[in-house]
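**Q** Each chain is listed here by its residues.
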Amino acid sequence: MPAEKFDVIVVGAGPAGNSCAYTLAKRGLKVLQIERGEYPGSKNVQGAIMYANMLEKIIPDFRDDAPLERHLIEQRLWYMDDSSYTGVHYRSDDFNEEAPNRYTIIRAQFDKWFSKKVQQAGALLILETTVTDLCFSGGKVIGVKTDRAGGTILADVVVMAEGVNGVLGTKAGLRPRPKPDTVALAVKEMHFLPSDVIESRFNISGDEGVVIEAAGTITKGMTGTGFLYTNKESISIGIGCLVSDFAHTGKAPYELLEDFKKHPAVAPLIAGAEVKEYAAHLIPEGGYNAVPQLFGEGWVIVGDAGQFVNAVHREGSNLAMTTGRIAAEAIFQIKSRKDKFSAENLSIYQKMLEQSFVMKDLKKYKRLPDFMHGARDRLFGSYPELVSKAAQNWFRVDGKDKKSKEKEIVRSFVKARGVRGLASDAWKLARSWR
Amino acid sequence: MAETPTVRVEEKLYQNRYLVDAGRPHIVVAPHEKPSKELLLLTKICPAHCYEVNGKGQVEVSPDGCLECGTCRVLAEGSGALTWTYPRGGYGVLFKFG
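Residue numbers (the working numbering), protein chains in the order written: chain A, 1 to 434; chain B, 435 to 532.
Simulated from the structure, these hints should not be mistaken for laboratory data.
Even glycine gets a Cβ: it sits at the ideal position worked out from N, Cα and C.
There's no promise every hint is true.
[Claimed, not checked] Far from chain B, by Cβ distances over 10 Å, these chain A residues were calculated:
id	residue
1	Ala52
2	Asp65
3	Arg102
4	Leu124
5	Asn165
6	Lys335
7	Gln355
8	Arg376
9	Gly399
10	Asp401
11	Val414
12	Lys415
13	Ala416
[Said to hold, decoys possible] Within a straight-line C-alpha distance of at most 20 Å, the following computed SDA-like cross-link-like pairs (lysine to any residue) qualify:
id	chain 1	residue 1	chain 2	residue 2
14	A	Lys116	B	Ala515
15	A	Lys145	B	His460
16	A	Lys179	B	Gly512
17	A	Lys276	B	Arg442
18	A	Lys179	B	Glu511
19	B	Lys471	A	His248
20	A	Lys276	B	Phe531
21	B	Lys530	A	Glu274
22	A	Lys179	B	Ala515
23	A	Lys171	B	Val463
24	A	Lys179	B	Thr517
25	B	Lys478	A	Ser244
26	A	Lys179	B	Glu445
27	B	Lys471	A	Thr249
28	A	Lys220	A	Gly374
29	A	Lys179	B	Leu474
30	A	Lys171	B	Thr519
31	B	Lys478	A	Glu255
32	A	Lys171	B	Thr517
I would like the entire structure built from these sequences, with the hints used as guidance.
**A** Structural data, given as structure tokens:
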């Protein structure tokens, strides 16, 4: 264990920790990063889609050597019942641009690459080391303790990039333990197929990719979504629901995944694949209202640990990278003027976040988690079935006149929910979307 | 209906890489006579099926196949039904893809 004192200790080598450590090391600060995995990424799980813009702000030429799978040219949103989906698909050749906007990645490989950049920038990384405690002196964080011999490692400021389930902040009483209704449990499998099979199944070529986000009866009335992402030679497929909803239904997450894989719209896409990994992870879904206190005397929180996920847009790692970078910029400002890392000075991190898309987006949807929760039986139960039946009625040609079909469709919705119920759901959705 | 699982999660876990810290479980269930509602729930919803009811009707955990998601921590640590830490550095699940 290094005996010297560091400017900054960063706990964790995921996107938030790496972005923070990289930005600080590049600016000449003495950074120690501590990661409990065998290699950076070995403990990390994500869908995974990576948004270029937020990484470009940190490593502009990342495309030269980052391990990227496919750039996305098509997005599918599926509303599913047990035998069908009603979907919106958007595909554009504009996404085949020189510097593509979104990529699929494999996190273990991506994090390893990012971490190498961090080390090249001058940060010191210790692996296979779990930080067990924050060290305090007079109410101020002054360093960390690890499960290695050697006692305390000191730093002016500690960055907690420990992920959604980080225990450090909770143990020290700085942030609450995630609550069952602010985190989703997602399970995921990696299905391997030859790249030409993936390309023909998804009607793509070269490095083009497709993402499918799905909701409906696939989550059996629980608040959650399924997803399917194309990588070069594999497909990431997963499904997740709020932990509180799993607790309510007692459903096994892996059975949910099996049923999703067997759905007639999904099964042909993964048929014949070899499964090489099964993973589970929590996703912060509490939104704006679940964001904890983000800074204090000698500490800041970045990434998933701060609940920085935009559940509506399935954005997470970009928020993680951005909060990591902004925290680094705040720390650099304070360090440059040789000031103390007091709570008052570190509050500029919060101010900078408020001005960024991160807080603006989270604020926009702050009412949505409540709406989704309140309407879950309908959103993930009766509505998908009604939508499917309506579409089938509309598309099936059976000698019935169209006006009668229209009436039947409207009647089916009114019967299920009532005019007032429908209006109330629509109003609440519109309100929580603003 | 959920009593007869259609999937054996053990088969899924075989695909994963683990470095088990033998004799040092990172999750420990507190001794109990009758399991709490949360502990019984974990026998169903733990994604690695680490929790099981033993012959005496108590809930036991064997965290060798743990995916370190934290669901059990979120549901049951607060009530004192279990203690939860991360495995020692380097041990536990090692995701190849993540």
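**Q** Taking the hints in turn, state whether each one holds.
**A** Hint check:
For A/Ala52, the condition that its CB be more than 10 Å from all CB atoms of chain B holds, with the nearest at approximately 20 Å. Against chain B, the non-interface label of A/Asp65 holds: every CB pair exceeds 10 Å, the least being about 19 Å. Interface exclusion of A/Arg102 from chain B stands, the closest Cβ pair being 18 Å apart, more than 10 Å. The beta carbon of A/Leu124 is kept farther than 10 Å from every beta carbon of chain B, the shortest such distance being approximately 16 Å.
Consistency note on A/Asn165: stated as away from chain B, yet its beta-carbon is not over 10 Å from all of that chain's, at 3 Å minimum. Non-interface call for A/Lys335 relative to chain B: holds, since the shortest CB-CB distance, roughly 28 Å, exceeds 10 Å. With a cut of 10 Å on Cβ distances, A/Gln355 stays outside the contact zone with chain B, its closest approach being about 32 Å. For A/Arg376, the condition that its CB be more than 10 Å from all CB atoms of chain B holds, with the nearest at approximately 17 Å.
With a least beta-carbon separation of about 40 Å from chain B, A/Gly399 lies farther than 10 Å from that chain, consistent with its non-interface assignment. For A/Asp401, the non-interface assignment is confirmed: its Cβ lies about 42 Å from the closest Cβ of chain B, beyond the 10 Å cut-off. The claim that A/Val414 lies off the interface holds: its Cβ sits roughly 31 Å from the closest Cβ of chain B, which is beyond the 10 Å cut-off. The claim that A/Lys415 is not at the interface with chain B holds, since no C-beta of that chain comes within 10 Å of its own (minimum 27 Å).
Distance check on A/Ala416: its Cβ is at least 24 Å (rounded) from any Cβ of chain B, clearing the 10 Å threshold; non-interface status holds. Between A/Lys116 and B/Ala515, the direct Cα distance comes to roughly 40 Å. Violation of the 20 Å bound is thereby established for this hinted pair. Straight-line distance between C-alpha atoms of A/Lys145 and B/His460 comes to about 18 Å, which keeps the hinted pair within the 20 Å bound. Taken as a hint, the A/Lys179 and B/Gly512 pair is honoured in the structure, with Cα atoms around 10 Å apart against an allowance of 20 Å.
Distance hint between A/Lys276 and B/Arg442 is fulfilled; the C-alpha atoms sit about 16 Å from each other, no more than 20 Å. For the hint pairing A/Lys179 with B/Glu511, the CA-to-CA distance comes to about 11 Å; that is within 20 Å, so the pair holds. The hinted pair formed by B/Lys471 and A/His248 meets the criterion: a straight-line CA distance of about 11 Å does not exceed 20 Å. At roughly 9 Å between alpha-carbon atoms, A/Lys276 and B/Phe531 fall within 20 Å of each other, so this suggested pair holds.
Using a Cα cut-off of 20 Å, the hinted pair B/Lys530 and A/Glu274 holds, with the two alpha carbons roughly 15 Å apart. About 16 Å separates the Cα atoms of A/Lys179 and B/Ala515, which keeps this hinted pair within 20 Å; it holds. Distance hint between A/Lys171 and B/Val463 is fulfilled; the C-alpha atoms sit about 18 Å from each other, no more than 20 Å. Only pairs whose Cα atoms come within 20 Å are accepted, and A/Lys179 paired with B/Thr517 is accepted, the gap being roughly 16 Å.
Using a Cα cut-off of 20 Å, the hinted pair B/Lys478 and A/Ser244 holds, with the two alpha carbons roughly 14 Å apart. Restraint check for A/Lys179 and B/Glu445: the C-alpha separation of about 30 Å exceeds 20 Å, so the hint is violated. For the suggested pair B/Lys471 and A/Thr249, the alpha carbons sit about 13 Å apart, so the restraint of at most 20 Å is met. For the suggested pair A/Lys220 and A/Gly374, the alpha carbons sit about 15 Å apart, so the restraint of at most 20 Å is met.
At roughly 19 Å between alpha-carbon atoms, A/Lys179 and B/Leu474 fall within 20 Å of each other, so this suggested pair holds. A C-alpha spacing of about 10 Å is found between A/Lys171 and B/Thr519, which places the hinted pair at or below 20 Å, so the restraint holds. With a C-alpha separation of about 10 Å, the suggested pairing of B/Lys478 with A/Glu255 holds against the 20 Å cut-off. Restraint check: the Cα-Cα separation between A/Lys171 and B/Thr517 comes to about 12 Å, which is no more than 20 Å; the hinted pair holds.
The structure fails to meet hints 5, 14 and 26 from the earlier list, while all remaining hints are met.
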